[in-house]
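Chains as they are written, first to last, in our numbering: chain A, 1 to 164; chain B, 1 to 420.
Just so you know, the hints here were simulated from the structure itself, not pulled from any lab data. Note that this is a predicted model, so its numbers are computed, not measured. C-beta: ideal position from N, C-alpha, C; glycine also. One or more hints might be untrue.
As the list claims (entries may be wrong) - Restraint ranges, calculated between C-beta atoms of paired labels, are given here:
(1) B:D77 x A:E8: 55 to 61 Å
(2) B:R151 x A:S71: 36 to 42 Å
(3) A:N140 x B:G100: 46 to 52 Å
(4) A:P79 x B:A366: 17 to 23 Å
(5) B:L67 x A:G114: 30 to 36 Å
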Amino acid sequence: MIERMHAEAFLYREARLLDDGDLGAWSALLTDDAVYWVPNNRADVEPQTHLSIVYNDRRQLEGRLWRITESGINHSQDPASRTVRFVSNVEVEPAAAAGETIVRCTLLIHAYRGGMQRRDGVVEAHAARCEYRLREASGNLKIAFKKVALLEMDGCLPPMTFLL
Amino acid sequence: MAVDELSAAAVDALVDPNRGRLHMRIYTDPDVFRAEIRRIFNTTWLFVAHESQVAHAGDYLTSYMGLVPVVVTRDEDGGLHVLVNRCMHRGATICQRESGNASFFRCEYHAWTYDNRGRLIGISRPKGYAQQELDEFAAGLSTAARIASYRGLIFASFASDGPSLDAHLGAAKPYIDEWADQSPTADVRIEGGVWKHRYKGNWKLQVEGSNEGYHPEFLHRIGGLLRARTGVSGLRPWADSTANGYDLGGGHSVMEFPRSESTHAPEYIALLHERLGSERAERALAASWRLQLFPNLALAPTNVRVIRPLAVDLTEVWQYNVTLPDVPQSTALDRIRSEQLFYGPSGYGSPDDLEIFERIQEGCLAATNEQLDPYVWLNRGLRSEVHRADGVRVAHTTSEVEQRAIYYAWSALMKSGAPE
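Same shape as in the complex, but just chain B:
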C-alpha cells in the first residue's frame, strides 16, 4: 500500500476554494482518495445512525465510518456504542445483518463472543490460552473514540481529540432543529423505507449534488413539464426566486428552495403550533431546504441521505425516509408521495443525478493527460457572495456557494493531516 504522501502544497494545487477551482484528480486519483480516508473520514465527525434506528435496548444497526464497518448498538442501560465490526482474534466480522436486536455478537470462526458494549465475554476452549496470551484481548472490540448525538442524529469520530460535535455542527444546528421540530408530538423517525444507490463516481459528487441549486431548472426540467401535464407537483423555476444558498462553515451548507404557498394540512399546522409555540412552529413549517453536513450526511424535510465512499470511483448512497409521529394521514401520505415522485430508481429526478455523476467521472478521465486543462470550476457568484459577520457566506441559491463550502473544509482537513 502506498504511503499517504500528499503534501500541503499538493493539496493547494488540487483545490483553491478562494477561486472555486478544483483539479479533476480529486475525483480520479486513488492516492487522493487514500489521503481523504485517512485525513477526513478517519478523523472528523461522521453520521452513523439516527436514534430511532436503535431505539430499544439491544437494538443495533451496521454502518460504515469511512471504509471501516461498524455496529452501532444500544446497551441494556440505554447507552450508545460504536463498535468496529471485526473480531480482535482473526479479523472476521462479528455482525452480519443491516439491523436487529442482540445482547451479544459472536464471531463464528472460533466462537468468540462480545457483548453489545464491545467487551469480550467468552472464548471457546480457554484452557488452551495462557493468561498472558489472553491479555492481548483485554480491551475488547475497537470502538469509535468519541460518540455524540444532536437532536437524534448520532455521530462518531475515530479521533480522541478535535472539535466537539457541537462546535463541528456550528451554524448548521438551527437547521437540524427545524428538521427535528417537524413532528407535532416527538422527534422525527427514520422509517418507511430506504433508497439504496451505488454509482460509478467519486463520493464528493454526491456531496456537491445534495444541495446544488444551479442544476434543477435544467437537469430536472422534466419536473415542471410533468406538473403541467399531469397536475402532479414538480419543481418551480429557481433563477427568479430570492432563495439563497449558505456556506455554514465546517464544510456544511444549505440550499433554500424557492418559497411556495404552504401546502400543509390545517390540522398539522395547528398541532405543531400547540407543541412548539408559534415562532418555532412557523420555522419548522416553512423549512424548505437541503442541508449538507460534511462529509457524509444530507438532510431534507422528508429524507436523510448517507454517503459512503467505497473507492475513488465508487460510492454508495442510502437515502432513508423520514416520518413524523402523530401527523394527520394526509400529511403522511403527501410526504411519501413527494419523496417517491422525485427519488428512487424510477423517480423523475434521482436517476438523472446518478447519470450525471457517472458522466462527470467519465469526463474527468481527461485528468490523465497533463497537456489538457485539468480544472473544473465552482466559481459562480463567488465575487458577489456576502460574508456575514458570523462567518456565514451567502449568495443566491443558484450560485455555487454551497459547493465551495465543501472545499474550504476539505482543504483544511487535508492540509492538517499532511506530512511535514
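In isolation and in its complexed conformation, chain A is listed as follows:
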C-alpha cells in the first residue's frame, strides 16, 4: 500500500496532465487492463446491466483519446472545453491484491468553452467522488481502475466528451 502523500502527488499530476490536454502522458498512467468508469444515474449499479456514461477498457479509451486529440471530428467540443480540476479529501486503504492501493478523493472540475460565437457560454462545474485502484509495477504507479461518480449523475447532464 502506498502512503497518502504519494497518492496525492500522483492525483495532482494526473489532474495537471488532463487540464493540460496531455492525453498521451495521461494514457501512459494506465495499466493495460485499466477500466475507466463514469456511472450513470447511480454509483452502486452493475455496469453489465445498467447504462454507464463511460465504461471503457484500454482499447475503447484509446479510441476516445484519438477522437479528442487527433480525429478533428468532435463537434460538441468545437471549440474545446478548457478545464481546471481540484482534487481533495484524499484517503488510502489497502486493496485486495498485493501491490495495489484503493484511493478515494473528491473532485471538482470547472469546464469552459471559450471563443464561441454563441456567447452564452457558462462555466460548468462538476463535483464528483472518485475511487481509484492504483498498482505499483516496476517502480511505477499506474491506474488499474478509475471511477468518477458525478454529483448530478441522475440529473440532466450536458455533453461531456472531455475526460473527467
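For chain A, the structure is supplied; the task is to place chain B on it using the hints.
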C-alpha cells in the same frame, strides 16, 4: 399572457409540408410555442409511461403532459390513472419524486390528502368548512380525460373527444408490435438506466432528429472511423443501402437502418422463435429502425425517448434503457454496450446531435430580421417519394420523408385549433 391568435392562414404561412418548407419562426416564436401547447400537447395523445414503470399496486411515476406536471399511478385494483400534480386547494404539487409507491398523496401546505385514484380523502380541520364550501372540491384531482395503453406503452390525452389511441397510432402499430415482441418470455421492460438531456433548442428539433437518416453519415462519421480503429461497432454507410423512410401518417414516421448481418446470439434467436413462431420472431429480430410517434415519443430496439417541451427554446429529453426479460447474458450485455457507445453525455453520437440542435436554434435567430430568407427546407426526395395505397409515403431513408411526416400532422392540428 397573450391570447393564442395564430390563424389557419398564419399556420399555412409558417409550414408548407407539400413543399417541405418551414418558416424558422416555428422554432423561435413564443406565440407559436404557446399555440403548440394548446393545440397539440393539450389535445392529442401523449406518451406518459410504460407499464413496467408502474407495474405494481401503488406504483407511481411523475411525468409531464405538455407543460402540465402529472402523476401516473396504479391503484390497488390494477387500474391506471393520470392525475394532474397540483392540489385543488391552493395549487402546490402533491408528489415530489420521480417515482415510488404510495397509496395516497398529501399536499404538505395544509395537509390535504388524495388517494392514488385522485379522490380527496382527507382535509385538515374540516369543521372550519361549511359543506357548500367543501363541495367545490368534490371532483378531486384533475385528471387526463382519456388514458389507453398499447403493448405496454401508456398514453393519455386531455381531450375527451378525438381519435381513439388505436386510430392515432394507426400504421405505427406493427412497429410497436415488433418492439414489444423482442423479449422471449414477456413484454419488454424499461429499466437499467436513463439518459437525461436538456438542450437550448426547440422541441421539434429532437422530433426531427430522432429518425433523421440523412445526417449520420456526416455528423456521426466518427462512428465508422472508430469502428475501423478499435473494432468497436459503429455506423455503416447509408446512402448506398436500400433502407427506406416511411411517413406513417398522424405525424409518425420510421427510419430503417441499412441491413447488416444478424449479430443476435443463436440461443436468443431460438428462444424467440419458440415464443412467437418463425414469422413474428424474424420480424422482431430484424427490427432495425427508429420510430418517431408524434409528438413526444421515439422508440428504438434498445431505448425509449421521451421529449418534453419547456419553452420555445428549451427542451428536455429522457431516454430510457429497454431490457428484455430472460435473454442470454451476452444479448443483454450487447444491448447495454451498443446503447452507451452512441448515446449519453459521453457517447460518440448524442453530444453532437445536441450540439447541432443548439446551432440550429442559434442560426434561426436570423428569423428576427424580415429582410432575410426566413425558410428552412425538408424537401429532399419530395418529388420521388412513393404514395402507397394505404396512405403511407415511402422514400429512401436518406430523404427527409420522416421529417415531412411531422409537419402534415403539425399543420392539421395547429389549424384545427385556430380561431375562426
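For each hint, the structure was consulted:
{"no.": "1", "hint": "B:D77 x A:E8: 55 to 61 Å", "verdict": "holds, 59 Å"}
{"no.": "2", "hint": "B:R151 x A:S71: 36 to 42 Å", "verdict": "holds, 41 Å"}
{"no.": "3", "hint": "A:N140 x B:G100: 46 to 52 Å", "verdict": "holds, 49 Å"}
{"no.": "4", "hint": "A:P79 x B:A366: 17 to 23 Å", "verdict": "holds, 22 Å"}
{"no.": "5", "hint": "B:L67 x A:G114: 30 to 36 Å", "verdict": "holds, 35 Å"}
In summary, this structure violates none of the numbered hints.
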